[in-house]
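Order-wise, the sequence lines are chains S and C. Under this note's numbering, the first residue of the first sequence carries the number 1, and numbering increases by one thereafter. Under this note's numbering, the first residue of the second sequence carries the number 1001, and numbering increases by one thereafter.
FYI, nobody ran anything at the bench for these hints, they're computed from the structure. Please note: incorrect hints may appear among the correct ones.
To be verified - With the Cβ distance kept under 8 Å, some of the chain S side facing chain C (calculated, not the full set):
1. Gln8
2. Gln75
3. Ala112
4. Ser115
5. Lys259
6. Glu329
7. Ser339
Unchecked claim - PhoX-like cross-link-like pairs, simulated, lysine-lysine; straight-line CA separation at most 25 Å:
8. Lys1024/C - Lys336/S
9. Lys1336/C - Lys21/S
10. Lys1107/C - Lys96/S
11. Lys1095/C - Lys95/S
12. Lys21/S - Lys34/S
13. Lys1336/C - Lys439/S
14. Lys1171/C - Lys21/S
15. Lys1096/C - Lys107/S
16. Lys96/S - Lys1095/C
17. Lys1336/C - Lys24/S
18. Lys95/S - Lys1024/C
19. Lys44/S - Lys439/S
20. Lys1171/C - Lys114/S
21. Lys1044/C - Lys107/S
22. Lys1427/C - Lys336/S
23. Lys1044/C - Lys114/S
24. Lys1114/C - Lys439/S
Just so you know, these numbers come straight off a predicted model, no measurement behind them. Where a beta carbon is used, it is the ideal one built from N, C-alpha and C, also for glycine.
Number of protein chains: 2
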Amino acid sequence: MSAAPARQRSLHHGNINPRVKDAKYAVRGELAVKAESIRRELEKDPSSYPFDHVIFANIGNPQQLDQKPITFFRQVLSLVQNPDLLDDSNAEVVKKLYPEDALERAKWLLKAVKSVGAYSHSQGAPALRGSVAKYIEKRDGYPADPESIFLTAGASAGVSTLLNVMARDPKTGVMIPIPQYPLYTATLALLNARPVEYYLEEPSHWSTNTTALYDLHAKAESEGTDVRCICVINPGNPTGASLPYKSIEDIITFAAEKKLVIMADEVYQTNVFIGEFVSFKKVLRDLQANVPGKYDNVELASFHSTSKGMVGECGQRGGYFELVGFDPEVVQEIYKFVSISLCPPVGGQCLVEMMTNPPKEGEPSYDLYKKEYDDIYNGLKTRAYALHEAFKNMEGVESQDPQGAMYIFPTITIPRKAVEAAKKDGKQPDEFYSMELLKATGVCVVPGSGFGQKEGTWHFRTTFLAPGTDWVGRIVDFHKQFMDKYRD
Amino acid sequence: MSAAPARQRSLHHGNINPRVKDAKYAVRGELAVKAESIRRELEKDPSSYPFDHVIFANIGNPQQLDQKPITFFRQVLSLVQNPDLLDDSNAEVVKKLYPEDALERAKWLLKAVKSVGAYSHSQGAPALRGSVAKYIEKRDGYPADPESIFLTAGASAGVSTLLNVMARDPKTGVMIPIPQYPLYTATLALLNARPVEYYLEEPSHWSTNTTALYDLHAKAESEGTDVRCICVINPGNPTGASLPYKSIEDIITFAAEKKLVIMADEVYQTNVFIGEFVSFKKVLRDLQANVPGKYDNVELASFHSTSKGMVGECGQRGGYFELVGFDPEVVQEIYKFVSISLCPPVGGQCLVEMMTNPPKEGEPSYDLYKKEYDDIYNGLKTRAYALHEAFKNMEGVESQDPQGAMYIFPTITIPRKAVEAAKKDGKQPDEFYSMELLKATGVCVVPGSGFGQKEGTWHFRTTFLAPGTDWVGRIVDFHKQFMDKYRD
Chain S
1 MSAAPARQRS LHHGNINPRV KDAKYAVRGE LAVKAESIRR ELEKDPSSYP FDHVIFANIG
61 NPQQLDQKPI TFFRQVLSLV QNPDLLDDSN AEVVKKLYPE DALERAKWLL KAVKSVGAYS
121 HSQGAPALRG SVAKYIEKRD GYPADPESIF LTAGASAGVS TLLNVMARDP KTGVMIPIPQ
181 YPLYTATLAL LNARPVEYYL EEPSHWSTNT TALYDLHAKA ESEGTDVRCI CVINPGNPTG
241 ASLPYKSIED IITFAAEKKL VIMADEVYQT NVFIGEFVSF KKVLRDLQAN VPGKYDNVEL
301 ASFHSTSKGM VGECGQRGGY FELVGFDPEV VQEIYKFVSI SLCPPVGGQC LVEMMTNPPK
361 EGEPSYDLYK KEYDDIYNGL KTRAYALHEA FKNMEGVESQ DPQGAMYIFP TITIPRKAVE
421 AAKKDGKQPD EFYSMELLKA TGVCVVPGSG FGQKEGTWHF RTTFLAPGTD WVGRIVDFHK
481 QFMDKYRD
Chain C
1001 MSAAPARQRS LHHGNINPRV KDAKYAVRGE LAVKAESIRR ELEKDPSSYP FDHVIFANIG
1061 NPQQLDQKPI TFFRQVLSLV QNPDLLDDSN AEVVKKLYPE DALERAKWLL KAVKSVGAYS
1121 HSQGAPALRG SVAKYIEKRD GYPADPESIF LTAGASAGVS TLLNVMARDP KTGVMIPIPQ
1181 YPLYTATLAL LNARPVEYYL EEPSHWSTNT TALYDLHAKA ESEGTDVRCI CVINPGNPTG
1241 ASLPYKSIED IITFAAEKKL VIMADEVYQT NVFIGEFVSF KKVLRDLQAN VPGKYDNVEL
1301 ASFHSTSKGM VGECGQRGGY FELVGFDPEV VQEIYKFVSI SLCPPVGGQC LVEMMTNPPK
1361 EGEPSYDLYK KEYDDIYNGL KTRAYALHEA FKNMEGVESQ DPQGAMYIFP TITIPRKAVE
1421 AAKKDGKQPD EFYSMELLKA TGVCVVPGSG FGQKEGTWHF RTTFLAPGTD WVGRIVDFHK
1481 QFMDKYRD
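Bound-form chain S, shown alone (with noise of 0.2 Å):
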């Protein structure tokens, strides 16, 4: 007997989904796989590259870059792990490990879930929902509605579940910032919809044209997009820049004249370095309060995670949204979209109940509390002032101040000999350069190709995450030779 031939496949790249294929996501792109293979063979061979270690500033990750975790946080978190610890016989062992406000906290969690190991409501535990609510009305000084907010595993799955509810057909438009965080276009593109792209202006801090917006709008529908959204980054990703008060005013203006539906990325809410935060529900409340009817009904989905900020706690997939004037049969069906994947993570919820409801002053917690929060703010503030300083030092770079968020995505001028260099390299001029700078200096970026950017211009994005400044010079000598070898 002869072995019969190999069988075929039923999947190969010809025949999957090709809104998968479509889809790009550039953060976990081709230069984050290549500092992972630089970074094992680092670990074989220390002497592989002219550095010891690779710096992964591709990506949002604070506690990857040493940043530690709030206290507080992890003490609660590891007593609803092990609900033994709050038992009794075990209190006077307990209470030299534990204050009493992190026993305190981690019962009423446990009372709230029950564990966290069962599924909770699929839209969250109604209880912390709750202290979610109170955070968002002593922010904007409006009631806000537990039965409104939905906790969900980051805030990516949040955007993904809104993107999905109002992509009804391939003719559904979606307006997102460019340059954006590539959460948008790559959902945008699983759901073969339309990404309807406005683009930011660099030289005024990456600020919002609503004129454009009009204008723009107008051009989509006449193309036969149905616009359905504007989406907003704020502060923004990758940019950098913090919305004044006045923008989110035109743009909600916008969405209530065009009947949009407003998303706000609010994830980095907390990361504000220049001026304040203004979140859109503020804003919106206010307009209603002010203009009556206009507003009325505006829908908008805010998001928030406890990835960023002075949490930093990526791994542990906590976030939220909240929405505002959406009709409640829409509500409805974004209910059973979420609850067909049962729950987000409990661990996460009870974590977002911390974020929105952190140790108070007086508590036993609150000192240790303000003072690790206050470092890491002023560490990272710091540093993006470090990195800026020296991006506008750097021959052809310019860098907008570092108004908010965990990047700082500069302008470089990539001279001719070096966008023809790439070229033979079959890459964009940006990708080239950071893929040099990550092979010379062990600094993982992302192109701004990653993100979008106006033609002919050329960024890449990088987080000041990591620690110390040591990193920040390794890229001013890079820059400096690369300009050597390659300047017109």
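Assemble the complex: chain S is given as a structure, and chain C must be docked to it using the hints.
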């Protein structure tokens, strides 16, 4: 100035994504919503119903029904959340609370993930995947490759990923068992792909009729459906059946001949009460070893979860899938797809590691682990049989042997008068029966129509997770009264 008329909303039920509207997920459907509202009513007025609490037997959520978590798992999870406990300065106190192997495991996990608050590799932390691979090797007697294992947020996320990647266009067909866990039909509805339904044979323990698979496949293809995959749930949900070796062999042969991907949902692999679990991977490797050529490149994705079995940690959202025989380019697309969601919860990943690498004989935590594991297993088995016996003795009810999983799915003969009452109420007869059961006993089940069933037959699914057997008695009493009221 008079107020402007209220703005119309952008989104209403008539213009959202119709695929979201089409998706159905009865496990958290109308019955579950009613059960939750009864629970709240009872909180306010304990005399409002003839029972004092609701039993959520609609969902496999063990810890919601008082199943205790495995101590070792929770000890380690609490340590990885609070690494300060591993600090030398706390060693004296901590050793009173934690056994040595829990401390060691936590240190090892933290070395592997750095922090549970950091994003991991999108496929899951490599070292943890190594433990999963070893578990599979030991289970099946064949090698497993950590690079082919994807850690996930529960098995549901993995199932959704695979279906996303293969759903090329509206002609894409995926064979699913009927009755099925509604994740499959819901996800296919979202993807606008076609479920191709194969009916399990109730009288012979919900077995799979392989001849019928060939006929159904031919029919679907002749109708223009591009059948790409067959899904199998083993042990079965909602059926509670466990597939014998020969059936698995036949299904693999069918898939090999018809060039189909096999999705094997094996989340109940340790919940087997009659016979022994055999994995699709093992049978596939056996076939490949025995029959050269024919079974090469058979594409198998098998799913497992920390939510079921004796682990029962639904809220932690841990799971994995293993890919066998997939085209490397397709694997790359799967990787990109999951990277858009960044990573599964890192705490859940640690739990997957422990589920697949529990304490071993001779280690300090082994005895307790073994006792807890066996107690849960025996408790489930006892209750499964008790429920099965009760069903067997109920008028017009038939129940297959409780072979596995967490469910019993009895047939109920619903009298003509009850069918008419249901019709008046705008309900399917099994929905009507289940709603009456809920209101009379507080036991929430899921009607068979939520899973699919042969036309003219009626079922419901109940878990056997609730402690005690008092509630079984309540079902028996209800059924008798129901029959007395409606008997023909």
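Now the hints, each set against the structure:
1. Gln8: holds, 6 Å
2. Gln75: Hint holds; Gln75/S Cβ to chain C Cβ min 6 Å, cut 8 Å.
3. Ala112: violated, 12 Å
4. Ser115: holds, 4 Å
5. Lys259: holds, 5 Å
6. Glu329: This hint holds: Glu329/S lies near chain C, its Cβ roughly 4 Å from the closest one there, short of 8 Å.
7. Ser339: holds, 4 Å
8. Lys1024/C - Lys336/S: holds, 8 Å
9. Lys1336/C - Lys21/S: Distance of about 9 Å is within 25 Å: holds.
10. Lys1107/C - Lys96/S: Given pair Lys1107/C, Lys96/S holds - Cα atoms ~21 Å apart, limit 25 Å.
11. Lys1095/C - Lys95/S: holds, 15 Å
12. Lys21/S - Lys34/S: The hint holds at about 20 Å.
13. Lys1336/C - Lys439/S: holds, 23 Å
14. Lys1171/C - Lys21/S: holds, 18 Å
15. Lys1096/C - Lys107/S: holds, 21 Å
16. Lys96/S - Lys1095/C: Holds. Lys96/S to Lys1095/C sits at ~13 Å (cutoff 25 Å).
17. Lys1336/C - Lys24/S: holds, 8 Å
18. Lys95/S - Lys1024/C: Between Lys95/S and Lys1024/C the Cα gap is close to 48 Å, so the pair fails against 25 Å, i.e. violated.
19. Lys44/S - Lys439/S: With a Cα-Cα distance of about 17 Å, the restraint between Lys44/S and Lys439/S holds, given a limit of 25 Å.
20. Lys1171/C - Lys114/S: Violated - the C-alpha atoms of Lys114/S and Lys1171/C are around 44 Å apart, more than 25 Å.
21. Lys1044/C - Lys107/S: Within the cut-off at roughly 22 Å; holds.
22. Lys1427/C - Lys336/S: holds, 19 Å
23. Lys1044/C - Lys114/S: Measuring from Cα to Cα gives roughly 19 Å; hence the hint holds.
24. Lys1114/C - Lys439/S: The hint holds at about 24 Å.
Of the numbered hints listed earlier, those contradicted by the structure are 3, 18 and 20.
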